[in-house]
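K.L.:
Below, each chain spelled out in residue letters.
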Amino acid sequence: MSQLEIKNLHVSIADKEIVKGLSLTIKGGEVHAIMGPNGTGKSTLSKAIAGHPDYTITSGEVLLDGVSILEKEADERARAGIFLAFQYPSEIPGVSIANFLRAALQARLADGEEIDASGYYKRLYAKMDLLKIDRKFTSRAVNDGFSGGEKKRCEILQMAMLEPKVALMDETDSGLDIDALRIVADGVNTMRGPGLGVLLITHYQRLLDYIVPDYVHVMYDGRIVKSGDKTLAHELEAKGYDWIKKELATAKA
Amino acid sequence: MKPPTETDILSDSAETGVMENPAVGIDQSAGNFSYKMEYAFDAGTGLSEDTIRYISSVKKEAPWILEFRLKALKKFFSMPMPTHWATKDLENIDFQKIRYYLSQGQKPKRTWDEVPDDIKKTFERLGIPEQERKFLAGVEAQFDSEAAYSNIKEIVSKQGVIFVNSTEGLREHPELFKKFFGKVIPTGDNKFSALNSAVFSGGSFIYVPPGVKVAQPLQAYFRINAENFGQFERTLIIADEGSEVVYMEGCTAPKFSTSTLHSAVVELVALKGAKIQYITVQNWANNVFNLVTKRGIAHEDAEIKWIDCNIGSRLTMKYPGVVLKGERARGEVISIALANDGQHQDTGAKMVHAANNTTSNIVAKSISVGQGRSTYRGVVHIPKHLKGCKNNTECDALLINTNSRTDTYPAISVRGDKNSTQHEASVSKVSEDMIFYMQQRGLTEGQAMSLAVNGFINDLARQFPMEYSVELKRLIDLEMEGSVG
Ligand SMILES: Nc1ncnc2c1ncn2[C@@H]1O[C@H](COP(=O)(O)OP(=O)(O)O)[C@@H](O)[C@H]1O
Ligand SMILES: [Mg+2]
Chain A
1 MSQLEIKNLH VSIADKEIVK GLSLTIKGGE VHAIMGPNGT GKSTLSKAIA
51 GHPDYTITSG EVLLDGVSIL EKEADERARA GIFLAFQYPS EIPGVSIANF
101 LRAALQARLA DGEEIDASGY YKRLYAKMDL LKIDRKFTSR AVNDGFSGGE
151 KKRCEILQMA MLEPKVALMD ETDSGLDIDA LRIVADGVNT MRGPGLGVLL
201 ITHYQRLLDY IVPDYVHVMY DGRIVKSGDK TLAHELEAKG YDWIKKELAT
251 AKA
Chain B
1 MKPPTETDIL SDSAETGVME NPAVGIDQSA GNFSYKMEYA FDAGTGLSED
51 TIRYISSVKK EAPWILEFRL KALKKFFSMP MPTHWATKDL ENIDFQKIRY
101 YLSQGQKPKR TWDEVPDDIK KTFERLGIPE QERKFLAGVE AQFDSEAAYS
151 NIKEIVSKQG VIFVNSTEGL REHPELFKKF FGKVIPTGDN KFSALNSAVF
201 SGGSFIYVPP GVKVAQPLQA YFRINAENFG QFERTLIIAD EGSEVVYMEG
251 CTAPKFSTST LHSAVVELVA LKGAKIQYIT VQNWANNVFN LVTKRGIAHE
301 DAEIKWIDCN IGSRLTMKYP GVVLKGERAR GEVISIALAN DGQHQDTGAK
351 MVHAANNTTS NIVAKSISVG QGRSTYRGVV HIPKHLKGCK NNTECDALLI
401 NTNSRTDTYP AISVRGDKNS TQHEASVSKV SEDMIFYMQQ RGLTEGQAMS
451 LAVNGFINDL ARQFPMEYSV ELKRLIDLEM EGSVG
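Keeping their order, the protein sequence lines are chains A and B. Residue 1 is where the first sequence starts when you use the working numbering, and the numbers rise one by one after that. Residue 1 is where the second sequence starts when you use the working numbering, and the numbers rise one by one after that.
These are computed hints drawn from the structure, not numbers from a lab. One thing to keep in mind: the hints can contain errors.
Pairs of lysine to aspartate or glutamate residues, derived as DMTMM-like cross-links and limited to a Cα-Cα distance of at most 25 Å, are as follows [to be verified]:
#	chain 1	residue 1	chain 2	residue 2
1	A	165	B	168
2	A	16	B	432
3	B	429	A	54
4	B	134	A	114
5	B	473	A	54
6	B	191	B	301
7	B	183	B	61
8	A	72	B	67
9	A	165	B	445
10	A	72	B	154
11	A	20	B	433
12	B	429	A	114
13	B	473	A	129
14	A	72	B	445
Fair warning: this is a prediction, and the values are worked out from it, not measured in the lab.
So that you can see chain B by itself, here it is in the shape it has in the complex (with noise of 0.2 Å):
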């Protein structure tokens, strides 16, 4: 592990790359600088029944959403970790030192100009303003436990849609949101998705009416302040009959001594002939417990991918999936895993087909470097009794240097012979001779080793939106750049 690095200063790196190329993405490499903030609302430390209580309390929610938590923070205290097959550095984590909730107010602000200043600093810093003129719908900046700034287009709520944090969702639309809301992925689907239905707080609502297709992408922002934090966004995304969305969320946090956990919940429902891509570029800091739930239903003719970039923490545990509910629905993920020294990716994607005639998709690359740990997990359900069902899964292990280390798990279950999957795994190395082959053109080390890696995901970076695939070489860039002894 890298070693801890003053966070209150300014440091070099993150000065840099604001200024280098504010053009270009939302600037995550800058991430490693934190401000001292006094907070409004602090829940304290630990995790008891007065945590929830206080939560609730200051978001002013309706008794049912309390009672759901409550009930959610029981099953999270009954259920076992699950070292039985994950890492058992998951044991480091401890429930009772973290902070569960920190805001400076429950209510965005519509402008800029009425957050904070030091929250809106840290936006101003990692370029979040400067994107949302440029090419975004909407934005949804959170900063600890809340969003400080939520916003979107005038043109795009004038057709409807609607993009706010889950506090706001559930008070305002209980309606529309109640009815899928912990219904994609109950509370005790794991240990950690009943965590986050315990004390979840910020991340997106958004609603897309029927026919209507927002032509930018909304985008979410997730900033991680204070130290020995959790923060537990919950988004929950639904595109109605015949509509289009397209869903961008990125994640900072600066490098602190103690560990962070990032515990998530995305749930996502695309109704009849809807189309949701989901985009995640992520760049945590090297100790943040990365470990998020998501997953999408896909009704008749719908169509829901993730595509999810996986860059730094400590420990990521994600397995995108998506049930395919409806005839001829399409689910795919395309998930990039970066091990770094003292990294472990495990990864994975998860396809349940439920109907005849649907497709599955799964391409996942990962690369370990050094130390580094990139595991693959799928799991591809196709019951006996439906036909016409296709999946196609292809895994690929980039490895950098003899240490490091890759595993693949992939479960395949189809029964029945009116389906077909496909299944390819392959497992390459960069080796000395290639850098050495580059090098001798000019590169440096890290610039050779960065290369390597970039041609080893450009197939799948090719078909990512403009401004994520630079950003995505711009995080390999500085993570190879860094590796190099």
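Isolated chain A (complex conformation) (with noise of 0.2 Å):
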């Protein structure tokens, strides 16, 4: 069983900190929410673990299976098990998803090694099947001209065909209309289990609805200052984050 600790992690982007010393251990088999208002650093959060060369970390430590990935590169961490669902995924002009995904499983192979096109060809197949996506989709350019449900359905997509150690799921949730929410959802839940820890940041209570967490943690301006489980999440909906902004001034004073 995997698992990736975050220690007392900082992360400045510019020479502003944006995240201020946070730790979280997320264990194979464990969905932990994190939620906040936005502009709290979550997307930060994410991008810092997998790797976005515009962020700094300035100190703390983030190991995956008790080794620290913090001196790779972007693409050595993906390889590592680490994935990110993108708040806003990037197009990539003339490149299919199929291929796309060809490639980044290529990559993950010894020198010398081919991908077995018919094999891949029927897990894509199989995956897309689970995830309800049709099979026209794969031949569409990532994410060129996509509503932003369709991206979110392409993250999940490549998230099942890649299987990860840890995925950090940045805000999938937004952009979905009810159908779409529950198909990615059912998605992310048929692919839970042991050898897959899931960081689900979200601003809505509504997807923890459908994928029901162990943990839900609040961030608040760069750390995370209340956690608890699914009850929390309720609790938030109901009394909205200045609640907690309240309890933290109270706390302070």
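Two chains, two frames, a set of hints: combine them into the complex.
P.N.:
Here it is in structure tokens:
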């Protein structure tokens, strides 16, 4: 069973500290939800873990199965088993989803090894059926001209194909109508299991009705300020983030 | 610019390159090697009338050809460098330091067994004999100034197709070739066509008889082996009425520390209803000045299509053109240029409409990486008295990192209102976020850039013959891998 340990992580963008000492351990099989107001550093956290060059980790550690990943390039981290479902996925004109995924899988093979094309397509189509994605979808260029919902489904399909150890899912629910949300949630639920740890970043409680988390954390101003089980999410929904802010203010006083 | 590399020893990339993928394409990625050669014929260094006389005499040419050459030399000396519109880098060519003619003999061999060992080794490493067996109707393999090997499959020659080098063509079939030789591209078209007309050697002369459709492509491969050398091949393809032919050319040279000059002239003639497709995938080393003039004349209902992929070289200046001379003639230029650090791809297209209801299509895609620079120059000319003419021009540029530069100079002169043109241009960038996105899926930075570039040209590459699109992809992969710091 794999695990991702985030220890007292500090992240800056252009000398401005955004994540200010965040610790969290995600074990295989667990789903952790992080909720928090906009601008609090949720996307920054996920991109820093994934190795985006704009985000500087000023102190702290991130370990995957006990090994630090912070010295690794983004692609090495990915191949080690970190997957980021982007809040705003990039478009790659002219590169079909099928070819893109094939290249991504090929990159995981040893030199000289070739991906087996027929086996690949079999697996791809099986995953697409599971996610109720039309076959024609994979001949379209990655995210090029996709609706918000299509982009998110494309992320989930990639996640299903790449079988990461840890998935960081950044607002995967945004831009989805209720049917699409259900399909995406079903997909994630079928992937749940001891081999996969999930960090589910979301602004709203809605997603957590479909992907029920084991833990819920509230992030505010670059830190986790409160942790609990799924009931915390309901509490947040009812009381709003102001409630957390007030609590924090009282604690400080 | 990349530093020069050892050329006498086999580099690793060269070795694995050939072995890796012998089944597809002509392996031009493996071009960076050369063998020490003793040349039986050598015109020495520098350019004068004596150089011309030497070349003409070893070729045992008819007097009219020597005359043609000497006139061209005068023209070349009298014409200024086109630096008033083109790059000043042209001034760095020292014409007196170049060797204009190097060969082992003027008669190409008809079988690979007869080709001298060193030369044969070169072409075997590039995979040519194997390709010939697999999917080509004929091959000409030029080594420095002359074709070392030239052969056409019997089934094709029986149809009356002529496929020889320029020396043989002018000697054996003067009545056929003289009529069009130097007519599509006059000597004085530009300074480099004048230079070629003076010192030309090698290149292909092709004639396809009426109605003959050559089923497999004819291929020429141009190899520069010697340092400080200039290669000046001359190609003339005549497709007679209703015939069809596909010609493909590939080029490589090893990376020398001094610059090398490649200056070809290619003339195409498509007679009534004929179709010519001319495909180039070049991968010159990045010290080669590649200054090539290519033009075709399309008669009534004829079609000429240039597919031009320019990778490598220090400076490429090339603007394939079609003169649409007969009614309903069609011309097309599809070009892809990749300018990496220290390279300048100055490419484009020229369409001259000279009859009613003629159509032309230009799709040019350029990729500039690092300090690389791409320039598109297009000319579309439709005079006032014509009607029913159409042109479509699309120029797309892709920039990878902020230092690279792209310029577009489209000149579309359409007179009168009975013709239509459409012009689109775009510039896009491979953003850091896009690269990060791909890296997050496990691709290295080089693989990510390469995929972005392949995506950018995908719609064009799909139109190429399979072997060439695979080869193009491999060359792009290599370029992009090499461009990551
Ligand atoms: N690339 C960037 N450059 C500058 N500031 C950024 C960048 N990305 C995020 N920020 C800033 O960092 C803070 C946290 O942003 P983000 O991590 O996107 O928050 P969240 O995902 O929680 O909404 C915000 O103030 C945002 O403006
Ligand atoms: Mg966010």
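K.L.:
Each hint: holds or not?
P.N.:
Against the structure, the hints:
no., hint, verdict
1, A:165 - B:168, "violated (67 Å)"
2, A:16 - B:432, "holds (20 Å)"
3, B:429 - A:54, "holds (18 Å)"
4, B:134 - A:114, "holds (23 Å)"
5, B:473 - A:54, "violated (30 Å)"
6, B:191 - B:301, "violated (32 Å)"
7, B:183 - B:61, "holds (19 Å)"
8, A:72 - B:67, "violated (67 Å)"
9, A:165 - B:445, "holds (22 Å)"
10, A:72 - B:154, "violated (59 Å)"
11, A:20 - B:433, "holds (24 Å)"
12, B:429 - A:114, "violated (31 Å)"
13, B:473 - A:129, "violated (31 Å)"
14, A:72 - B:445, "holds (13 Å)"
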